[in-house]
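Line by line, the protein sequences are chains A and B. Mapping of the first sequence onto this note's numbering: position 151 corresponds to residue 151, and the numbering continues sequentially without gaps. Mapping of the second sequence onto this note's numbering: position 84 corresponds to residue 84, and the numbering continues sequentially without gaps.
Possibly wrong hints are sitting among the right ones.
What the hints assert, rightly or not - Per the computed footprint, the stretches of chain A lying under chain B, defined by three or more beta-carbons under 8 Å from a beta-carbon of chain B, are:
no., segment
1, 31-39
2, 52-65
3, 171-180
4, 192-198
Unchecked claim - Mimicking PhoX-like on lysine-lysine, the simulated pairs with C-alpha atoms at most 25 Å apart in a straight line are:
no., chain 1, residue 1, chain 2, residue 2
5, A, Lys58, B, Lys30
6, A, Lys48, A, Lys58
7, A, Lys85, A, Lys48
8, B, Lys58, A, Lys30
9, B, Lys30, B, Lys48
10, B, Lys58, B, Lys30
11, B, Lys58, B, Lys48
12, B, Lys30, A, Lys30
13, A, Lys30, A, Lys48
14, B, Lys58, A, Lys58
In short, the hints are calculated from the structure, not lab data. Note that beta-carbon positions come from the ideal geometry of N, C-alpha and C, so glycine has one too.
Number of protein chains: 2
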Amino acid sequence: MVLPTSTRTPPEGSTRTRLLDAAVRLVRAKGLNATTVDDLCAAAGVSKGAFFHHFDSKERLAVAVADHWSQTTGAVFASAGYHDKADPLDRVLGYIDLRADLIRGTAAEFSCLAGTMTQEAFESSPAVRDACAASIFGHAATLEADLSAAIAANPPAVTVNAASLARHTQAVLQGAFILAKAADDPAVVLESIEHLRQYVQLLFSPAIHPPVPKAKKRP
Amino acid sequence: MVLPTSTRTPPEGSTRTRLLDAAVRLVRAKGLNATTVDDLCAAAGVSKGAFFHHFDSKERLAVAVADHWSQTTGAVFASAGYHDKADPLDRVLGYIDLRADLIRGTAAEFSCLAGTMTQEAFESSPAVRDACAASIFGHAATLEADLSAAIAANPPAVTVNAASLARHTQAVLQGAFILAKAADDPAVVLESIEHLRQYVQLLFSPAIHPPVPKAKKRP
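I would like the entire structure built from these sequences, with the hints used as guidance.
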């Protein structure tokens with residue numbers, strides 16, 4: 001995920017924002033537990049006193065960084081070009097293509113902060129888990145309207161639930177990030193995104209649900 | 001993943017095996033970095049001296065536990081009933097159904113040790129990353145022969161590479177585990193496994209690749 005760079009952060013917010021941006025970088029690279037408050041202060045160039053002025057604990061920082069992640073990445077997707085396509089299926093495929101376009105650099109640069117933190121915090125910190133869930137499932141929900149419209153316009157032969165398919169797109173991405181980390185190779189993400197694209201195309205393929213003349217209902 | 005319980009561990013191997021089994025439980029529940037040597041010794045009921053007799057460091061333990069995981073889970077899949085089905089596509093679908101059957105209890109019980117460790121160690125420990133990659137991609141490779149046979153028996157209309165599709169099955173599972181951890185709900189895994197099953201079925205659906213009479217080649 002390529003994040004937009006803040007150019008006009010208000011001065012009073014800059015320490016907090018620097019800490020949040022540092023947390024995004026460090027947690028994606030080495031995980032939440034291995035990232036210490038000292039690491040965060042050093043990377044953000046702030047004192048420990050400044051850290052604890054903004055966050056009572058590393059857990060509070062983790063919750064805040066999940067929200068920060070949702071907002072910054074949410075802005076990227078909200079302003080993306082795929083929303084302008086007329087056909088809802090094209091908008092869904094456009095979203096998938098954008099996810100492929102965003103795979104650049106190393107896994108620490110393109111992987112998901114919320115997925116990484118979930119992995120470590122799901123049993124130890126319900127607050128962090130819930131903030132990660134809000135980020136992942138909130139993002140999935142942004143796909144539901146287009147998927148519902150695509151299903152309504154062109155009902156697949158098999159039963160497809162828009163919310164479930166939206167969550168599945170995120171499962172594919174999260175898992176592909178793990179495989180890319182294991183293989184140390186972003187190509188593994190791209191091939192799973194291609195399988196996801198193919199799945200969506202097959203669901204809506206005319207060949208598997210030829211148009212059937214609708215029987216007129218009698219009153 | 002439900003692991004078989006060792007009933008006849010040789011006495012000289014028992015300390016090492018107890019440490020490895022404890023590591024599987026603890027790392028799946030809270031991650032590699034949050035699991036200390038003290039935690040491992042307490043959970044295994046062994047002394048710190050015994051730990052360092054078997055493993056030079058926690059990193060060495062992590063590499064060994066990835067191998068242990070590959071062997072114990074590999075044995076479960078190697079002896080599973082899906083291998084007995086005559087049709088290669090049925091064997092692939094049988095594997096997917098087994099993955100769904102194994103989703104029981106909490107995410108700490110059904111999630112993948114190798115995927116969890118990869119998330120934390122991919123930048124900090126190439127040795128752990130490589131051991132996790134060997135586990136994940138080694139398991140994926142066990143599906144390749146059946147996928148290749150299914151493709152040969154019934155070539156899909158779209159290009160499908162057996163090795164790539166095998167890796168994709170693991171991406172779906174790994175990502176579904178993350179979503180289940182975030183949602184604190186195993187149902188999220190089951191729905192993604194169902195999407196994976198549907199994708200495989202659609203790829204091999206007769207409707208999207210009606211049999212075409214082969215043109216005879218002229219010499």
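Hint check results:
Using a Cβ-Cβ cut-off of 8 Å, 3 residues of the segment 31-39 of chain A lie near chain B, which meets the minimum of three, so the contact claim holds. For the segment 52-65 of chain A, the proposed coverage by chain B is not satisfied: 0 residues have a C-beta within less than 8 Å of a C-beta in that chain, short of the threshold of three. Using a Cβ-Cβ cut-off of 8 Å, 9 residues of the segment 171-180 of chain A lie near chain B, which meets the minimum of three, so the contact claim holds. Beta-carbon proximity to chain B at under 8 Å applies to 3 residues in the segment 192-198 of chain A; the threshold of 3 is reached and the given coverage holds.
For the suggested pair Lys58(A) and Lys30(B), the alpha carbons sit about 16 Å apart, so the restraint of at most 25 Å is met. Taking the CA atoms of Lys48(A) and Lys58(A), the gap is about 11 Å. The hint holds against a cut of 25 Å. At roughly 48 Å between alpha-carbon atoms, Lys85(A) and Lys48(A) are farther apart than 25 Å, so this suggested pair is violated. Among the hinted pairs, Lys58(B) with Lys30(A) is consistent with the structure: their alpha-carbon atoms are about 16 Å apart, no more than 25 Å.
Only pairs whose Cα atoms come within 25 Å are accepted, and Lys30(B) paired with Lys48(B) is accepted, the gap being roughly 20 Å. The hinted pair formed by Lys58(B) and Lys30(B) meets the criterion: a straight-line CA distance of about 15 Å does not exceed 25 Å. Proposed proximity of Lys58(B) and Lys48(B) is supported: the alpha carbons are some 11 Å apart, at most 25 Å. A hinted pair counts as satisfied when its Cα atoms are at most 25 Å apart, and Lys30(B) with Lys30(A) qualifies at roughly 15 Å.
With a CA separation close to 20 Å, the supplied pair Lys30(A) and Lys48(A) stays within the 25 Å bound. Proposed proximity of Lys58(B) and Lys58(A) is supported: the alpha carbons are some 24 Å apart, at most 25 Å.
When each numbered hint is compared with the structure, violations occur for hints 2 and 7.
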